[in-house]
Every structure is written in structure tokens, then in C-alpha cells.
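Student: If you want the building blocks of each chain, they are given just below.
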Amino acid sequence: DTEVTQTPKHLVMGMTNKKSLKCEQHMGHRAMYWYKQKAKKPPELMFVYSYEKLSINESVPSRFSPECPNSSLLNLHLHALQPEDSALYLCASSFSATNTGELFFGEGSRLTVL
Amino acid sequence: QQPVQSPQAVILREGEDAVINCSSSKALYSVHWYRQKHGEAPVFLMILLKGGEQKGHEKISASFNEKKQQSSLYLTASQLSYSGTYFCGTVGGQSGTYKYIFGTGTRLKVLA
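Heads up: the protein sequence lines correspond to chains A and B, in order.
Residue 25 is where the first sequence starts when you use my numbering, and the numbers rise one by one after that.
Residue 388 is where the second sequence starts when you use my numbering, and the numbers rise one by one after that.
No lab work stands behind these hints: they were computed from the structure.
Where hints are given, some of them may not hold.
Unchecked claim - Once the Cα atoms are required to be at most 30 Å apart in a straight line, the calculated DSSO-like pairs of lysine-lysine come out as:
1. B/K455 <-> A/K33
2. A/K64 <-> B/K446
3. B/K446 <-> A/K46
4. A/K43 <-> B/K496
5. A/K42 <-> B/K413
6. B/K486 <-> B/K424
7. B/K455 <-> A/K77
8. B/K496 <-> A/K77
9. A/K62 <-> B/K424
10. A/K42 <-> A/K77
11. A/K43 <-> B/K455
12. A/K33 <-> B/K413
13. A/K43 <-> A/K65
14. B/K446 <-> A/K43
15. A/K46 <-> B/K455
16. A/K43 <-> B/K454
17. A/K60 <-> A/K33
18. B/K454 <-> A/K77
19. B/K413 <-> A/K62
20. A/K42 <-> B/K455
21. B/K486 <-> A/K46
22. A/K60 <-> B/K496
23. A/K62 <-> B/K486
24. B/K455 <-> A/K64
25. B/K496 <-> B/K424
26. A/K33 <-> B/K454
27. A/K77 <-> A/K43
28. A/K64 <-> A/K46
29. B/K424 <-> A/K65
30. B/K424 <-> A/K33
31. A/K46 <-> A/K65
32. B/K486 <-> A/K64
33. A/K62 <-> A/K33
34. B/K424 <-> A/K64
Source: prediction; values computed, not measured.
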């Protein structure tokens with residue numbers, strides 16, 4: 025199994041809602057990532073988890089809250105988002121965060137904030 | 388800090404060749420190349436780990452010049468399936484945790 029699975033594929037939420045994005049991989053990877061991608065722009069790193077611990081936070085606003093319940097799962101909790109947060113959110117994993125291995129990406133969750 | 392790619396966009400006819408460049412203002416220890424088709428996730432093409440290393444993947448190859456802090460992706464005899472946006476990715480970070488940062492991207496369209 026070389027897949028990274030993200031749910032939901034599409035999400036529409038209001039600025040007062042609380043929602044979560046989920047990501048799952050069963051490749052035994054110990055590093056997991058959240059990226060944000062706006063249209064026609066490169067993916068922008070948000071968070072890195074290494075061995076289930078938050079390793080990098082790229083100064084992301086607190087309305088985005090990551091969580092790594094176990095080595096296979098990564099969540100992104102969303103609260104009080106702004107319309108400018110509308111984007112494609114990509115989850116990725118790699119064997120380790122301490123070597124330069126390939127990133128495996130999920131299909132992404134397309135978020136629209138009204 | 389984000390690597391800069393050139394050109395920003397290129398249109399080719401099937402069978403033509405293209406070169407995509409990636410340039411960084413910081414020292415590069417490795418370079419990754421990814422292709423993203425519209426509405427899909429980025430897909431890994433190759434990693435170059437050493438200065439001067441060249442790698443190939445079918446008719447797509449790449450070089451890495453560590454001294455110039457540059458990498459180039461070569462697409463030979465392009466096919467329709469090569470269309471998409473190409474990103475170089477550089478790796479750096481502190482405390483042993485690597486940050487994968489993507490370049491500005493190059494949109495490639497191959498016409499029949």
C-alpha cells in the first residue's frame with residue numbers, strides 16, 4: 025500500500041464552524057506533513073510531524089491546529105477560518121523527517137470558507 | 388528562500404524538448420522534482436543527492452550543480468502526458484528535521 029488517503033475531498037464551511045481534515049498512511053512512514061496550496065501556486069509547508077511529535081510549525085495561525093494521534097494518522101483541526109484560507113490542503117508522508125526521502129502526497133482536501 | 392524556477396510556463400509540440408531550471412539563494416544539499424497535473428496531487432519524479440549528480444527517468448532527466456545552487460530538469464521528446472506543473476523541491480532545516488520547500492513552479496503544456 026503506497027497511498028496517502030485524505031478525507032474529505034471537498035469541504036465547505038462557514039467562518040464560525042469547526043471542522044477537521046484527516047490523513048492516513050500505512051507505509052510505516054514516520055514523518056507526516058501538511059501543505060497548503062492556492063491555485064497556480066506551489067505547495068506551502070505548514071506543519072511537520074516526526075515520530076508523532078510536532079517538529080516544525082511554519083508560523084501558521086492558531087485557527088489551524090494539527091494533531092497526530094498515532095504514526096498512521098494526521099489531523100488538521102479548523103476553527104474560525106477566514107475566506108482567504110480557502111485552498112487545497114495536501115497531506116504528505118515520508119519515511120523519515122531526518123533524511124531526504126521521497127514525499128508521498130494524498131489527493132488533497134479542497135476547502136472553501138464562506 | 389523559495390527556489391525560483393524558469394521559465395514560468397512553456398508550450399511544446401509533441402516530440403519537442405524542454406529544460407526547466409531551478410535556482411536557490413541558499414546552499415542546496417538535495418533537490419527533488421515533482422510533477423502535478425491539474426486537480427491532482429504532486430507526484431515524485433526524482434531526487435538528486437550529490438552535487439553534479441545526474442539522474443534519468445524514462446525520457447526525463449535532471450542535473451544538479453551544487454556550486455551554482457542550481458538544478459535543471461530535461462524533458463526529451465515530450466509526450467502529451469508530460470503536461471502539468473513541475474516543481475523543484477529543496478530540503479533544508481535545523482535540528483535534523485528537514486523542510487521540503489517547493490520552487491515557484493513551471494507550467495508545461497504539450498500540444499499534439
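Student: Now tell me if each hint is right for this structure.
Tutor: Verification of the supplied hints:
{"no.": "1", "hint": "B/K455 <-> A/K33", "verdict": "violated, 40 Å"}
{"no.": "2", "hint": "A/K64 <-> B/K446", "verdict": "holds, 26 Å"}
{"no.": "3", "hint": "B/K446 <-> A/K46", "verdict": "violated, 36 Å"}
{"no.": "4", "hint": "A/K43 <-> B/K496", "verdict": "violated, 37 Å"}
{"no.": "5", "hint": "A/K42 <-> B/K413", "verdict": "violated, 39 Å"}
{"no.": "6", "hint": "B/K486 <-> B/K424", "verdict": "holds, 23 Å"}
{"no.": "7", "hint": "B/K455 <-> A/K77", "verdict": "violated, 35 Å"}
{"no.": "8", "hint": "B/K496 <-> A/K77", "verdict": "violated, 40 Å"}
{"no.": "9", "hint": "A/K62 <-> B/K424", "verdict": "holds, 14 Å"}
{"no.": "10", "hint": "A/K42 <-> A/K77", "verdict": "holds, 23 Å"}
{"no.": "11", "hint": "A/K43 <-> B/K455", "verdict": "violated, 45 Å"}
{"no.": "12", "hint": "A/K33 <-> B/K413", "verdict": "violated, 35 Å"}
{"no.": "13", "hint": "A/K43 <-> A/K65", "verdict": "holds, 24 Å"}
{"no.": "14", "hint": "B/K446 <-> A/K43", "verdict": "violated, 43 Å"}
{"no.": "15", "hint": "A/K46 <-> B/K455", "verdict": "violated, 40 Å"}
{"no.": "16", "hint": "A/K43 <-> B/K454", "verdict": "violated, 46 Å"}
{"no.": "17", "hint": "A/K60 <-> A/K33", "verdict": "holds, 14 Å"}
{"no.": "18", "hint": "B/K454 <-> A/K77", "verdict": "violated, 35 Å"}
{"no.": "19", "hint": "B/K413 <-> A/K62", "verdict": "holds, 24 Å"}
{"no.": "20", "hint": "A/K42 <-> B/K455", "verdict": "violated, 47 Å"}
{"no.": "21", "hint": "B/K486 <-> A/K46", "verdict": "holds, 21 Å"}
{"no.": "22", "hint": "A/K60 <-> B/K496", "verdict": "holds, 24 Å"}
{"no.": "23", "hint": "A/K62 <-> B/K486", "verdict": "holds, 19 Å"}
{"no.": "24", "hint": "B/K455 <-> A/K64", "verdict": "holds, 27 Å"}
{"no.": "25", "hint": "B/K496 <-> B/K424", "verdict": "holds, 10 Å"}
{"no.": "26", "hint": "A/K33 <-> B/K454", "verdict": "violated, 42 Å"}
{"no.": "27", "hint": "A/K77 <-> A/K43", "verdict": "holds, 22 Å"}
{"no.": "28", "hint": "A/K64 <-> A/K46", "verdict": "holds, 24 Å"}
{"no.": "29", "hint": "B/K424 <-> A/K65", "verdict": "holds, 13 Å"}
{"no.": "30", "hint": "B/K424 <-> A/K33", "verdict": "holds, 17 Å"}
{"no.": "31", "hint": "A/K46 <-> A/K65", "verdict": "holds, 23 Å"}
{"no.": "32", "hint": "B/K486 <-> A/K64", "verdict": "holds, 21 Å"}
{"no.": "33", "hint": "A/K62 <-> A/K33", "verdict": "holds, 15 Å"}
{"no.": "34", "hint": "B/K424 <-> A/K64", "verdict": "holds, 11 Å"}
In summary, the structure is inconsistent with hints 1, 3, 4, 5, 7, 8, 11, 12, 14, 15, 16, 18, 20, 26 from the numbered list given earlier, while agreeing with the others.
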